[in-house]
Amino acid sequence: MKRRPRSFYALTAFFALFLVFLYGPTLTIAILSFQGPQGGLTFPMRGTSLHWFRDLFEQQAVGDIWGAFRRSLVLGLMVMVTTILVSVMGGLAFRKRFAGSGLLFYLIVTALVIPSILVSLGVGLIFSQAGIPVHWSTSGFGAQLTWTLPFGLLIMFAVFNRFDPAFEEAARDLGASPWQTIRHVVLPIIAPSLIGVALFGFTLSYDEFARTLLTAGSYNTLPLEIFGMTTNVTTPVIFALGTLTTAFSFGVIGIFLAVFWLMGRRRARLGSETGKPAP
Amino acid sequence: MTEQTASLDAPAAARAKPRRAPSRHAAGWLLAAPLAAVLGLFLVLPILMIAIVSFWGATEFSIYPAFQFDNYAFLFGSDVTYRVFGNTLKYALITWLFTLLIGFTVAYYLAFHIRSLTWQIALFLLCTIPFWTSNIIRMISWIPFLGREGIANSALLSWGVIDAPLDWLLFSDFSVILAFVHLYTLFMVVPIFNTMMRIDTSLIEAAVDAGATGWQVLWHVIVPLTKPGIMIGTIFVVTLVMGDFITVRFMSGSQSANVGRLISNDIGLLQYPSASATAVILLITVLMVIGILLRFVDIRKEL
Numbered sequence: 001m002k003r004r005p006r007s008f009y010a011l012t013a014f015f016a017l018f019l020v021f022l023y024g025p026t027l028t029i030a031i032l033s034f035q036g037p038q039g040g041l042t043f044p045m046r047g048t049s050l051h052w053f054r055d056l057f058e059q060q061a062v063g064d065i066w067g068a069f070r071r072s073l074v075l076g077l078m079v080m081v082t083t084i085l086v087s088v089m090g091g092l093a094f095r096k097r098f099a100g101s102g103l104l105f106y107l108i109v110t111a112l113v114i115p116s117i118l119v120s121l122g123v124g125l126i127f128s129q130a131g132i133p134v135h136w137s138t139s140g141f142g143a144q145l146t147w148t149l150p151f152g153l154l155i156m157f158a159v160f161n162r163f164d165p166a167f168e169e170a171a172r173d174l175g176a177s178p179w180q181t182i183r184h185v186v187l188p189i190i191a192p193s194l195i196g197v198a199l200f201g202f203t204l205s206y207d208e209f210a211r212t213l214l215t216a217g218s219y220n221t222l223p224l225e226i227f228g229m230t231t232n233v234t235t236p237v238i239f240a241l242g243t244l245t246t247a248f249s250f251g252v253i254g255i256f257l258a259v260f261w262l263m264g265r266r267r268a269r270l271g272s273e274t275g276k277p278a279p
Numbered sequence: 280m281t282e283q284t285a286s287l288d289a290p291a292a293a294r295a296k297p298r299r300a301p302s303r304h305a306a307g308w309l310l311a312a313p314l315a316a317v318l319g320l321f322l323v324l325p326i327l328m329i330a331i332v333s334f335w336g337a338t339e340f341s342i343y344p345a346f347q348f349d350n351y352a353f354l355f356g357s358d359v360t361y362r363v364f365g366n367t368l369k370y371a372l373i374t375w376l377f378t379l380l381i382g383f384t385v386a387y388y389l390a391f392h393i394r395s396l397t398w399q400i401a402l403f404l405l406c407t408i409p410f411w412t413s414n415i416i417r418m419i420s421w422i423p424f425l426g427r428e429g430i431a432n433s434a435l436l437s438w439g440v441i442d443a444p445l446d447w448l449l450f451s452d453f454s455v456i457l458a459f460v461h462l463y464t465l466f467m468v469v470p471i472f473n474t475m476m477r478i479d480t481s482l483i484e485a486a487v488d489a490g491a492t493g494w495q496v497l498w499h500v501i502v503p504l505t506k507p508g509i510m511i512g513t514i515f516v517v518t519l520v521m522g523d524f525i526t527v528r529f530m531s532g533s534q535s536a537n538v539g540r541l542i543s544n545d546i547g548l549l550q551y552p553s554a555s556a557t558a559v560i561l562l563i564t565v566l567m568v569i570g571i572l573l574r575f576v577d578i579r580k581e582l
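Protein chains in written order, with our numbering: chain E, 1 to 279; chain D, 280 to 582.
Next comes chain E alone, as it looks inside the complex:
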């Protein structure tokens, strides 16, 4: 193996600093959330305790955060499932290069770059003018989809751009119907990337703030609830909540990555060697 150039060590140091920059603050609030009951928002630690985590279970200290968590969870799952379905269908559609696909593509790009507050404001205005009350599961749901779908579709485009149509032709030649081709050939091949779409769908919805701000109605989602707390809570309880929900996010990400990894292993084990060049 070639000797490492000197720049390697400088860049490694830079990368390490970057990781400290990325994770350091989160780690700090994780430590501070174990402050003693007299502790404040910064160091020094005045003892260690679970005091602030216990506070999370008391309504008067934090408001209805568990209700907000439940709503965010349900909404995240709704957005995730919808994002997968719509992205896969959209990905398949774009392969057909139908008339008007260019326009639809630019709409997807627009959804990605439009300032979130415009979606929030516009959807809120439509609902109020139509006399329909805004609710997280209707207007909030739709507004969040405009953020998660572009990511799902970009993943699908990347997947289908590398997809070998010979597999489908083979299935067709063997007499498979279009649906059978998709069900038994296309979907199993793209399944691992759907884990990625699901991950984006859930986490982006679970953490979304701006697009839900004017579209959630009277029942807050968790990010809205947390933001509300930043203006009137001045104790480490907010760090405890931040630590808990970040830990939850890490857990979700971990599960998705584990499923992705297991799928790859299963595939490597069961995959056929046919067609591969002899070793």
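No wet-lab data here; the hints were simulated from the structure. Heads up, a few of these hints could be off.
Pair by pair, the computed Cβ-Cβ distance ranges are [what the hints assert, rightly or not]:
#1 E:Arg183 x D:Pro344: 49 to 55 Å
#2 D:Val502 x E:His184: 28 to 34 Å
#3 D:Lys369 x E:Ala130: 36 to 42 Å
#4 E:Trp66 x D:Ala401: 31 to 37 Å
#5 D:Val487 x E:Gly175: 51 to 57 Å
#6 E:Gly175 x D:Ala401: 39 to 45 Å
#7 E:Glu58 x D:Asp358: 45 to 51 Å
#8 D:Arg303 x E:Ala176: 34 to 40 Å
#9 E:Arg4 x D:Asp488: 18 to 24 Å
#10 D:Thr480 x E:Arg183: 37 to 43 Å
C-beta atoms are modelled at their ideal positions from N, C-alpha and C, and glycine is treated no differently.
Given chain E's structure and the hints, the job is docking chain D onto it.
Same frame as chain E, now just chain D:
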């Protein structure tokens, strides 16, 4: 390839069945229908609604349909507007510069200095994971660092670098830009890394064989080939910063303003028509910036 198959299939299908198979256009639209519906209802319609309402009038408590240019006249007649738009562009430019420098360096390190694919993927994931966690929490987590009695100030005091705690660390333009760089560098790393991974290494070997130094390889081979990734990252960062309102509000302690905050303040006062007018101008500004950037890159080719 596809066209060839189609032309082979067509006569055969015509002979076998009198019924014509649905055209690919119809099938395409059928599959894209849910997508088109969502984007139509929650993207196109809201934009149209904002455009319409921007001409409406407002009382203290309600808004009423009208066709007047008052909102725009007020917007363009006020010094605040120009200052706030200038401030927004300033944030975008400075954040872009820092995210580009950091993002490029990180992507370069991952793509060209890490030799095993497993490590590349692992370290890349380490960079992306924060993206899937809450932005608001990531903002809050700067408080213990930057506050008057925060880690940064106490460290600097104890090292004797400063005599009194610095006030400008938190709730200032500094903390706003720090938070932007913290939140959005990832949007540079991912596309730049993606393009770098597709660079044919034989091009770099050829440059080295021809006698190029490390810097020359970087500047004359890698940077030009990475331009599409840089452009996509730029589009992400610039639009996210320009459309932001929450980072500026939170990290500046409501002391600085950008266009997003102008809009959200109007919304808070129920002045939806004037919020809409500002939103229209913001959208046009963002689309113009993207239009310029898109001249340098074909996104569909880069996926």
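Each hint tested on the structure:
Distance hint check for Arg183 of chain E and Pro344 of chain D: the Cβ-Cβ separation is about 50 Å, which falls inside the suggested range of 49 to 55 Å. Hint check: Val502 of chain D to His184 of chain E, Cβ distance near 45 Å, so the stated range 28 to 34 Å is violated. With their beta carbons about 39 Å apart, Lys369 of chain D and Ala130 of chain E fall inside the hinted range of 36 to 42 Å. Between Trp66 of chain E and Ala401 of chain D, the C-beta spacing of about 35 Å keeps the proposed range 31 to 37 Å intact.
The hinted range of 51 to 57 Å is satisfied by Val487 of chain D and Gly175 of chain E, whose Cβ atoms lie roughly 54 Å apart. Distance hint for Gly175 of chain E and Ala401 of chain D: a CB-CB separation of about 44 Å, consistent with the stated range 39 to 45 Å. For Glu58 of chain E and Asp358 of chain D, the Cβ-Cβ distance of about 48 Å falls inside the hinted range of 45 to 51 Å, so the restraint holds. Checked against the given bound of 34 to 40 Å, the beta carbons of Arg303 of chain D and Ala176 of chain E, roughly 18 Å apart, lie outside it.
Separation of Arg4 of chain E from Asp488 of chain D is about 20 Å and conforms to the stated range, judged on CB atoms against 18 to 24 Å. Distance hint for Thr480 of chain D and Arg183 of chain E: a CB-CB separation of about 40 Å, consistent with the stated range 37 to 43 Å.
Going down the numbered hints, you'll see the structure goes against 2 and 8, while the others check out.
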